[in-house]
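Number of protein chains: 2
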Amino acid sequence: MTMSTALLTDHYELTMLQAALRSGAAHRRAVFEVFARHLPGGRRYGVVAGTGRVLDELRHFRFGEEELAFLREHSVVDEPTLAFLADYRFSGSLYGYREGDLYFPASPIMVVEGTFAEAVLLETMILSILNHDCAIASAASRMTNAAAGRPLIEMGSRRTHERAAVAAARAAYIAGFSFTSNLMAGREFGVPTAGTAAHAFTLLHDSEREAFQAQIASLGESTTLLVDTYDVPDAVRTAVELAGPKLGAVRIDSGDLAAAAQEVREQLDALGAFNTRILVTSDLDEYAIAALAAAPVDGYGVGTSLVTGSGVPTAALVYKLVARETASGTLEPVAKRSVGKPSRGGRKEAFRLLDEQGRFETEVVTTSGVAPEGGLPLLHELVVDGEIVGAEPLTSARDRHRETVALLPQDALHLGRGYAAIPTEFA
Amino acid sequence: MTMSTALLTDHYELTMLQAALRSGAAHRRAVFEVFARHLPGGRRYGVVAGTGRVLDELRHFRFGEEELAFLREHSVVDEPTLAFLADYRFSGSLYGYREGDLYFPASPIMVVEGTFAEAVLLETMILSILNHDCAIASAASRMTNAAAGRPLIEMGSRRTHERAAVAAARAAYIAGFSFTSNLMAGREFGVPTAGTAAHAFTLLHDSEREAFQAQIASLGESTTLLVDTYDVPDAVRTAVELAGPKLGAVRIDSGDLAAAAQEVREQLDALGAFNTRILVTSDLDEYAIAALAAAPVDGYGVGTSLVTGSGVPTAALVYKLVARETASGTLEPVAKRSVGKPSRGGRKEAFRLLDEQGRFETEVVTTSGVAPEGGLPLLHELVVDGEIVGAEPLTSARDRHRETVALLPQDALHLGRGYAAIPTEFA
Chain D
1 MTMSTALLTD HYELTMLQAA LRSGAAHRRA VFEVFARHLP GGRRYGVVAG
51 TGRVLDELRH FRFGEEELAF LREHSVVDEP TLAFLADYRF SGSLYGYREG
101 DLYFPASPIM VVEGTFAEAV LLETMILSIL NHDCAIASAA SRMTNAAAGR
151 PLIEMGSRRT HERAAVAAAR AAYIAGFSFT SNLMAGREFG VPTAGTAAHA
201 FTLLHDSERE AFQAQIASLG ESTTLLVDTY DVPDAVRTAV ELAGPKLGAV
251 RIDSGDLAAA AQEVREQLDA LGAFNTRILV TSDLDEYAIA ALAAAPVDGY
301 GVGTSLVTGS GVPTAALVYK LVARETASGT LEPVAKRSVG KPSRGGRKEA
351 FRLLDEQGRF ETEVVTTSGV APEGGLPLLH ELVVDGEIVG AEPLTSARDR
401 HRETVALLPQ DALHLGRGYA AIPTEFA
Chain G
428 MTMSTALLTD HYELTMLQAA LRSGAAHRRA VFEVFARHLP GGRRYGVVAG
478 TGRVLDELRH FRFGEEELAF LREHSVVDEP TLAFLADYRF SGSLYGYREG
528 DLYFPASPIM VVEGTFAEAV LLETMILSIL NHDCAIASAA SRMTNAAAGR
578 PLIEMGSRRT HERAAVAAAR AAYIAGFSFT SNLMAGREFG VPTAGTAAHA
628 FTLLHDSERE AFQAQIASLG ESTTLLVDTY DVPDAVRTAV ELAGPKLGAV
678 RIDSGDLAAA AQEVREQLDA LGAFNTRILV TSDLDEYAIA ALAAAPVDGY
728 GVGTSLVTGS GVPTAALVYK LVARETASGT LEPVAKRSVG KPSRGGRKEA
778 FRLLDEQGRF ETEVVTTSGV APEGGLPLLH ELVVDGEIVG AEPLTSARDR
828 HRETVALLPQ DALHLGRGYA AIPTEFA
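Top line first, the protein sequences correspond to chains D and G.
For the first sequence, the working numbering gives the first residue as 1, with consecutive numbering after it.
For the second sequence, the working numbering gives the first residue as 428, with consecutive numbering after it.
No wet-lab data here; the hints were simulated from the structure.
On a predicted model such as this, the values are computed, not experimentally measured, just so you know.
All C-beta atoms in this analysis are idealised placements derived from N, C-alpha and C, irrespective of residue type, glycine included.
Hints may contain errors.
[Stated by the list, open to error] Some but not every residue of chain G turned toward chain D, in silico, with C-beta under 10 Å: (1) 440; (2) 451; (3) 606; (4) 612; (5) 622; (6) 764.
[What the hints assert, rightly or not] Interface residues of chain D toward chain G, partial, derived using beta-carbon atoms under 7 Å: (7) 11; (8) 115; (9) 206; (10) 217; (11) 229; (12) 314; (13) 334.
Take these sequences, add in the hints, and give me the full structure.
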């Protein structure tokens with residue numbers, strides 16, 4: 001593995017570059033935009049995530065000696081192209097919706113301006129990051145809504161690619177999760193981490209009692225004991241006997257979680273452990289979380305469904321050339337006419353209109369450059385003339401997401417399949 | 428990003444370690460096994476992939492100064508545990524199904540033997556890799572079968588996490604894909620890369636003709652021209668006019684691909700371009716590929732559905748403690764009794780029985796240590812006493828996969844939902 005992110009790129013980006021360098025068109029000014037033609041899975045809104053990672057990876061998007069040697073050895077591109085790549089630094093500008101904000105069909109969530117050569121090279125990296133992170137954050141946001149204030153722990157690392165897991169933890173945190181199990185997400189992004197023990201820990205010891213004793217001795221009475229390895233009522237009784245009524249929490253990872261939580265709550269209360277929390281895990285998704293709303297559950301751990309986007313593992317975002325300089329030097333809109341894949345030419349601006357109650361009403365996407373009255377501007381500077389200006393703390397994105405979701409029309413939080421929560425209008 | 432993979436680990440692995448170090452149980456010998464309770468998505472077989480990546484990451488699984496500083500600063504574990512981690516080297520043994528081989532429900536595709544302390548730490552890394560890579564390879568294998576010998580190009584990098592994309596390209600190659608668009612997969616794993624141009628290249632130029640001229644001038648007449656930016660028949664005519672009948676290929680990325688391929692084939696033949704191939708792309712999956720069997724298509728590019736496992740983005744593999752040393756020093760089988768999550772205690776061996784025609788008949792999983800007569804042993808040494816012995820070239824896994832799929836019962840290649848192609852018997 002290398003620090004450079006430059007080869008996280010599709011072969012065709014470099015062959016296009018080579019051919020465009022040869023024709024001279026590589027140096028034309030160009031505008032690419034990232035948008036989704038639709039919200040897959042009948043989702044009502046998407047969540048922007050990954051912007052900060054794009055800026056991080058842009059810093060490392062350099063073709064060093066090793067990368068150039070690979071490209072030369074495998075004849076991916078010719079020598080003039082290698083020379084261009086050796087000097088490559090993105091010197092253009094990048095605008096985007098802010099991380100944690102929402103998006104709808106056709107929202108131009110990222111706009112890349114530069115020469116064709118420098119902008120086309122970023123397609124793969126930008127789309128990889130945004131398609132993954134937006135998909136995860138969009139699913140996570142639904143889970144946060146369903147949990148209605150109860151804390152969520154992201155624990156899907158074992159179910160997805162080891163590096164995707166780190167990005168998923170970050171995206172989930174933006175969308176309202178409180179913790180992750182993933183230590184690298186703590187290290188790289190400052191996401192709070194959590195975890196205590198799995199069934200293996202109980203099975204390792206000669207009895208459940210010995211396992212609980214060991215865990216309490218080491219992690220303290222505030223720890224979370226996993227109570228479903230053998231018999232739940234037995235385990236709960238042993239847990240409170242050993243830890244006392246200040247036992248932090250018990251975790252249930254199997255069975256009918258609503259019924260089990262009810263029984264465990266009654267048992268804990270009868271044992272005087274009124275403040276011992278009940279955490280549930282086991283293939284939870286937003287629907288299962290919503291179904292547990294009336295159960296005495298104090299927190300949810302979500303794994304598989306979070307890291308796989310709960311049925312929508314990728315966000316359907318595309319990166320399209322919308323304007324480019326002509327031979328005569330003017331910037332002109334362009335759009336392909338491929339069947340069934342509509343795209344609109346021209347550099348976009350985007351604004352959000354609010355209704356009288358201050359809730360979102362319309363997403364306005366315009367090529368006119370004119371802001372609609374009262375419209376909130378959605379595109380912000382991320383990179384200006386090659387300089388990164390849009391980095392921000394992850395907690396800003398998390399705060400923004402919470403505040404922004406609160407402004408959606410109420411039916412946007414329905415979990416069923418539907419249409420975009422607000423219409424997109426082209427001005 | 429760091430070179431060490433040690434923090435690609437769930438928080439609870441380290442707290443379990445801490446508590447087990449305190450109780451002394453950490454040093455008990457233990458056996459963990461990786462298996463799937465079922466094949467999700469009604470798949471008939473799974474494909475083992477990721478083994479080689481597990482061995483690579485094991486080499487970098489070290490808690491260095493930076494990792495330890497993070498763990499200390501965030502009070503993840505106590506000082507005795509940090510001291511253990513600082514010296515951590517996996518000194519146990521690892522056995523596994525060979526990469527490219529197939530698996531079925533309960534197949535123990537990886538067996539980890541060591542002390543509890545050293546084996547538990549690897550859970551997250553091993554499961555992340557295998558759950559992702561097996562899911563992708565299993566989907567890819569169905570696509571390879573559906574393509575019936577026509578070459579497949581993996582081009583899903585833009586639809587998944589940027590590092591998952593590299594692993595996906597590797598897994599697809601094992602399962603029979605011929606190329607990837609992902610340059611890092613070429614660099615890190617030697618997967619052949621391919622690609623020519625996207626719509627942006629055509630739109631960049633003042634006309635499609637100028638774009639094609641530029642591409643042919645730079646990449647040669649054997650290149651692949653993308654013909655659906657504006658009007659397909661116009662583009663095909665221009666393409667052959669400019670490149671001549673030796674034009675390598677045309678690519679169609681939209682519309683009714685079967686009908687379009689038929690029309691383009693007729694047009695190419697009429698223009699004398701008999702050897703110009705037709706490549707199709709556009710949201711292909713194994714079903715769409717199968718539906719194009721009768722169309723004059725020479726190759727398929729697959730993106731989204733490949734990298735998302737075509738509906739099954741994770742393989743449902745788990746990592747379970749199946750045996751551990753007791754206080755008295757004997758190795759005993761263990762299994763949890765959680766509702767609905769069956770697992771069988773005891774260290775397994777696995778064998779495959781063939782019928783009279785030499786096709787696979789039964790997967791035998793046994794704790795007896797006795798091989799059934801004529802059974803092919805499926806578990807092979809990967810790491811012995813800490814030393815990696817099972818690394819092999821990627822092409823070996825690819826060859827093995829092709830040879831192994833050929834031995835499945837014929838109905839195993841049906842694309843519809845079904846049961847495992849062969850039964851798993853517990854001896």
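Here is what the structure says about each hint:
no. : hint : in the structure
1   : 440  : holds (8 Å)
2   : 451  : holds (9 Å)
3   : 606  : holds (8 Å)
4   : 612  : holds (9 Å)
5   : 622  : holds (3 Å)
6   : 764  : holds (5 Å)
7   : 11   : holds (3 Å)
8   : 115  : violated (10 Å)
9   : 206  : holds (6 Å)
10  : 217  : holds (6 Å)
11  : 229  : holds (5 Å)
12  : 314  : holds (4 Å)
13  : 334  : holds (4 Å)
In summary, the structure is inconsistent with hint 8 from the numbered list given earlier, while agreeing with all the others.
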